[in-house]
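Chemist: If you want the building blocks of each chain, they are given just below.
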Amino acid sequence: MKRQAKLSVALITAMLLIGCQGGSQAPVVATDTGGSAAGDFGPPQGEPIKAVLTSPPNVPPPTNRTAPAKVIVELEVREVEKEISEGVKYTFWTFGGTVPGSFIRVRQGDTVEFHLKNHPDSKMPHNIDLHAVTGPGGGATSSFTAPGHQSQFTFKALNAGLYIYHCATAPVGMHVANGMYGLILVEPPEGLRKVDREYYVVQGDFYTVGKYREKGVQPFDMQKAIDEHATYVLFNGSEGAMLGDNALKAKVGETVRLYVGNGGPNLSSSFHVIGEIFDRVYTEGGTRYQENVQTTMVPAGGSAMVEFRMEVPGTSILVDHALFRAFNKGALGMIKTEGPDNKAVYSGKEVDSVYLGDKAVSATPVAEAATASASGALTLKQQIGAGAALYNGTCSVCHQANGEGLPAVFPPLAKSDYLKADSNRAISAVLNGLSGPVKVNGKDFNSVMPPMSQLNDDEVAHILTYVLNSWGNPGGQVSAAQVAKVRGTTARPKGAAN
Amino acid sequence: MRPAVLVLGLLVAAAQGSGYQRVPGGEYRSVLKYEDLKGSRAVAAFELMTQPVTNGEFLKFVRTHREWQRGRALPLYAEPSAYLSHWQTPTALGPVTSARQPVTRVSWFAATAYCEAQGARLPTWSEWEYVAAADETHRDARQDPAWRERILAWYARSAGAGLGVVGSTPPNVYGIQDLHGLVWEWTDDYSAMLVSADNRSQSEADRARFCGAGALAVDDRENYPVMMRVALLSSLRGADSTSSLGFRCARSIR
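These protein sequences, in sequence, are chains A and B.
Residues in the first sequence are numbered from 1 upward in steps of one, following this note's numbering.
Residues in the second sequence are numbered from 1 upward in steps of one, following this note's numbering.
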């Protein structure tokens, strides 16, 4: 009893110690950047600067400033009809004429004078909520703007990070579902790590009355939006926004940064780039990064910055890894990377062969036979050995290892009257394939054997020699010359590989 | 016999153009939240123009009421850069604007003046909402998804896409046309139904922006078509106008 009690005390002490260590040694406090309380660098200096706004997938250049400035942003709301998919029109409501809206780039501590203009042709009033704003509504309460009007408000960008902005006019979900969102980057005072290329990608879900890819003008479907049954899930507002000629471009050796946002309105994104590993992910668009990430979660109304170095040429595919969105609702984009191959990193396809599983056999006899055949000293035994290896690799998948085939599907080679009757016909079947009805050992078969175009004359001869000398067949020998003769006198089937 | 009567009725309606149609009184539930009223809202019988006022009709009005011509109207009552800016001159429509299109780019003050000149007034929001709740066969079709979808489909078309002419939608059960699917319409008391500028706030509309007991907020958040109309009107001041905002007049029945 006493011993047991002592042990428990020791255990509890150990646990307490572990707990203390975990709590006191966390490095978070030491590197805290101070948040909004530390984000005011004083009054703006110098002349006001007009912000450079860019359409997706482009990103404005770094601010390259060391002092806070007054930055003037002029953003125009336009209601525009565009293609959401090939042959499918949709009326988007936009900040700047595109989905997502124009990219805005400022520096922490900047004073931003924001002008929201609502085009006279707009049908709706609109406003803007920038998640980078500290204040009621994120600007929405100060920017409610009728068609043909403009509003102005000013805010100081106190927190660094990558922020979504969006419309917040009733019904908010509908305004967002129609494409009213974009990104504003607030650079930390020291700027961001230098990269070779920056791109702007925002996911959004769309709800149309017609089905996915149903042609014509498609109106918004409120019920589908309420039910969260997206018709389209897209990067940058249309199915082809980053495909084919519109693919993002990079070169081998370059580091790419994607500013990724998710406008929603409903769905979170499992953002992934096929064939890349994110070297760094500034999760949720914040200050710190995680390294070596495969897929990062981008919530609706949230963001992430992802960075990766292009090591090899080729096409990398951007997807929402909730995969039916990628392949059935349009959430696909491309980065095409040009440059020299690096076979050490990625070889490309080296082998394309039949997988044998436990039927794998040594290829040694085949090599032996090839050498012997070249020197003219090929024996029957060598031929049978090589034929067995080749048969197991190529033929046994259908005709089975014991040559019995499969009843009614693949004809038997064992004790086969068809084989026995005409060896040239057998050679032709291997070379050119065989399809249509045949009768073997009294049974009817009607299937397709493809031409074995990958086999050379020697190999065909080995296989047939092996077959003739196995499973109760009469024996005999087929020579490469005989195969060559058949090859030269029979018609190659259309579509044969070579 | 009945079809003949129906045809005759239609002919009369067509001949009337934007004449007035008597709308029987009744009770309905507003999507707006009235602080002083719970449940249904009563609307007394009144008369409403069957179609919105057209460019042609408004042109006649400004020819006789010169103070409402573009360039003459006081900026305080009609924002000069927008007011009737789609007409070729202050007194001529020009080739791209049709006399049969509803007049747009008119301020609330100008619309009010037009109706007053007719011995009429703008309809109240309650009157407008009450009549606009109907479809061709029901007095209150607002819970019908088809009714909502039809209106939302119009919202989805850009105002820049070109404006139709009045009378192009079927008359509703009261014989009134174009309440949906053509233009937004001013109401007399539009400024009393402000939606909060940030429509997500759970508190009601910004009380500081209007006074008295007319404080309203949206009650039926499901009813998007009506909510958007309220949002549009609440984004405007009385001198403002847009390319998709028109009006029609109403008369009280004494």
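If you are wondering where the hints come from, they were derived from the structure by calculation, not from laboratory data.
Treat the hints loosely; a few may be bogus.
Example chain A residues on the side facing chain B (calculated, C-beta under 10 Å, incomplete) [said to hold, decoys possible]: (1) N64; (2) H126; (3) Y418.
One-sided excerpt, in silico: chain A residues whose CB lies under 7 Å from chain B [stated by the list, open to error]: (4) G87; (5) A170; (6) M222; (7) Y346; (8) S347.
Ranges between beta-carbon positions, derived for each pair [said to hold, decoys possible]: (9) A:H115 <-> B:V96: 25 to 33 Å; (10) B:P95 <-> A:K215: 54 to 62 Å; (11) A:G314 <-> B:R237: 31 to 39 Å; (12) B:V165 <-> A:G314: 41 to 49 Å; (13) B:S81 <-> A:E86: 37 to 45 Å; (14) B:V96 <-> A:E86: 44 to 52 Å; (15) A:Q150 <-> B:G19: 34 to 42 Å; (16) A:I72 <-> B:V96: 31 to 39 Å.
C-beta: ideal position from N, C-alpha, C; glycine also.
Chemist: All hints, please: hold or fail.
Modeler: Against the structure, the hints:
With its C-beta approaching chain B no nearer than about 34 Å, N64 of chain A sits outside the 10 Å limit, and its interface hint is violated. Restraint check, H126 of chain A versus chain B: the minimum CB separation of about 9 Å is within 10 Å; hint holds. With a least beta-carbon distance of about 67 Å to chain B, the hint placing Y418 of chain A at the interface is violated under the 10 Å criterion. For G87 of chain A, the suggested interface contact is broken, since its CB lies about 18 Å from the closest CB of chain B, more than 7 Å.
For A170 of chain A, the suggested interface contact is upheld, since its CB lies about 4 Å from the closest CB of chain B, less than 7 Å. This hint holds: M222 of chain A has a C-beta 6 Å from the nearest C-beta of chain B, less than the 7 Å allowed. For Y346 of chain A, the shortest C-beta to C-beta distance to chain B is roughly 46 Å, which exceeds 7 Å, and the interface hint is violated. Interface hint at S347 of chain A: violated, since its Cβ lies 51 Å from the closest Cβ of chain B, which is beyond the 7 Å cut-off.
The hinted window of 25 to 33 Å between H115 of chain A and V96 of chain B holds, with their beta carbons roughly 30 Å apart. P95 of chain B and K215 of chain A have their C-beta atoms about 34 Å apart, which leaves the hinted 54 to 62 Å range violated. The hinted window of 31 to 39 Å between G314 of chain A and R237 of chain B is violated, with their beta carbons roughly 57 Å apart. In this structure the supplied range 41 to 49 Å is violated for V165 of chain B paired with G314 of chain A, their Cβ-Cβ distance being about 57 Å.
Remark: the range hint 37 to 45 Å for S81 of chain B to E86 of chain A is upheld by a beta-carbon distance near 40 Å. At roughly 32 Å, the beta carbons of V96 of chain B and E86 of chain A sit outside the given window of 44 to 52 Å. Taken as a hint, the range 34 to 42 Å holds for the pair Q150 of chain A and G19 of chain B, whose Cβ atoms sit roughly 39 Å apart. Under the hint 31 to 39 Å, the C-beta atoms of I72 of chain A and V96 of chain B, about 35 Å apart, fit the expected range.
Figure legend: structure checked against the earlier numbered hints; hints not met, in rising order: 1, 3, 4, 7, 8, 10, 11, 12 and 14.
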